[in-house]
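J.: The whole structure should be built from the sequences, with the hints applied where relevant.
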Amino acid sequence: MTVNLFYFFIFPGLIFVAVAGAFLSWFDRKISARVQFRKGPPLLQPLYDFFKLLLVKETILPRHGSPFIFVLAPLLAVFGATMAGVFILLPLFNISTGFRGDILVIFYLLTLPSFSYIIGSLASGNPLAAVGGSREMKLIISYELTFILFIAAVIMKSGQHFDLRTIIDTQQSGTPFIGSISGVLLFVAGVFCIQAKLAMVPFDMPEAEAELSEGIFIEYSGPPYAMIKLAKFIMLFILPAFIVALLMNGMRPGIGVLWLILKILGVVLLLVLIKNTNPRVKIKQASAFFFIWMNLIVVIAIVLIAFGL
Amino acid sequence: MGFKDYCFRKSLWVFHFGGASCNNCDIEILDCLTPRHDLERFGILLVGSIRHADVLLVNGSINTRDKDRLLDLYRQAPKPILVVAIGACGCTGGIFAEGMTFAGPVDAIIPVDAYIPGCPPKPEAIIAGIVKLAGKK
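Heads up: the sequence lines are chains A and B, in that order.
With my numbering as the guide, the letters of the first sequence map in order to residues 386 to 694.
With my numbering as the guide, the letters of the second sequence map in order to residues 1094 to 1230.
If you're looking for bench data, these hints aren't it; they were derived computationally from the structure.
Just to be clear, a hint being listed does not mean it is correct.
[To be verified] Dumping the calculated DSS-like pairs for lysine-lysine here, alpha-carbon to alpha-carbon at most 27 Å: (1) K1229(B) / K424(A); (2) K424(A) / K1160(B); (3) K415(A) / K1215(B).
T.: Now the structure itself:
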């Protein structure tokens, strides 16, 4: 029991993923700044933002909404992100518990933050938040099919294994999945999926700073907004870690820790560069992009896997 | 300065309210976020919703219609909130001070924490004002 609580709250749970995610959030902002020839924020900036929101600011509850659900939704988001993080990182770090990383559980837990953002935004009673919520819903419908096909392709490539640890073991005894044509195609689809899951710029229409002024988060202030920031930090860490575990060999012991860090930083760097070099697309374009092109890529990858490429 | 206060000073998120402005101050405020001046060095971000704001930046002369909006925004902002009046119009009324729709300078409507005069103030002046604001108390 105690060890399970330790796994959930300290390592590789809440505190570890939050700190790693905060670092990656700083990395994101710093790289964005460097791309725009700016200097960028200091290293501890995500920490200042989080503690300012958590400790200093006042919480304002919506008069025309449902305050209970409004406050509960960010907690649900943090819970989902942390659970997904624990279930991804336990197999990735090769910590042997009874759980070997059932990939479908991880898939469902990863959708929990997006769903709780929708619930929270609709509970706030703000029309702009409602528009953001409906956009987020359409975005989920667009990318979830691609994401589950992507996971199915990885399962197929590993020889019908549904647990993350066996998938990593398969790669470590053979070659990493990304070292083949189908693996590269899957990596492309996976990166765009997590770009949409993180609501980063080509797919940030639920937040849409310019037109919806933060959209789904418009009514959040103080501690609930800090919880949303925390959930976003955690997602920014665990989704690249998930891609690394599925396609890029996971982690070997010893010096492998360094390689794992470099691989995660590389994936985040790719995400940030895509974010900085693309304008926001319309929701219709995003749907077409995922329904037609990304699904096509994953289906081609599945066919190639069936032929053993 | 305690830990809470320190975090607040290091992460000021700015909400920009333009009254009946001639847009020169708006341009200079945007200038502060460009590569040359880059206010994100100090953790300052421009946010789109008043619920996320720590600083309410007011420029332009406030006329009778703007007054209600400004009061609304001030009441809806999560406390603590700092108010900065930018430009001659925000600080005193400037050339509009005797206009018939003028509803008073910003500090006649809501309490102001910092004044940055100028028509328009240079970005350097705005940065100096923000740094003084962050080091206040």
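J.: Below or equal to 27 Å on CA atoms is what counts here, so check K415(A) against K1215(B).
T.: 26 Å, holds
J.: Does K424(A) pair with K1160(B) here, judged by a C-alpha cut-off of 27 Å?
T.: Violated, at roughly 37 Å.
J.: For K1229(B) and K424(A), compute the direct alpha-carbon distance and say whether it is at most 27 Å.
T.: 24 Å, holds
Violation of the numbered hints given earlier is confined to hint 2; every other hint is satisfied by the structure.
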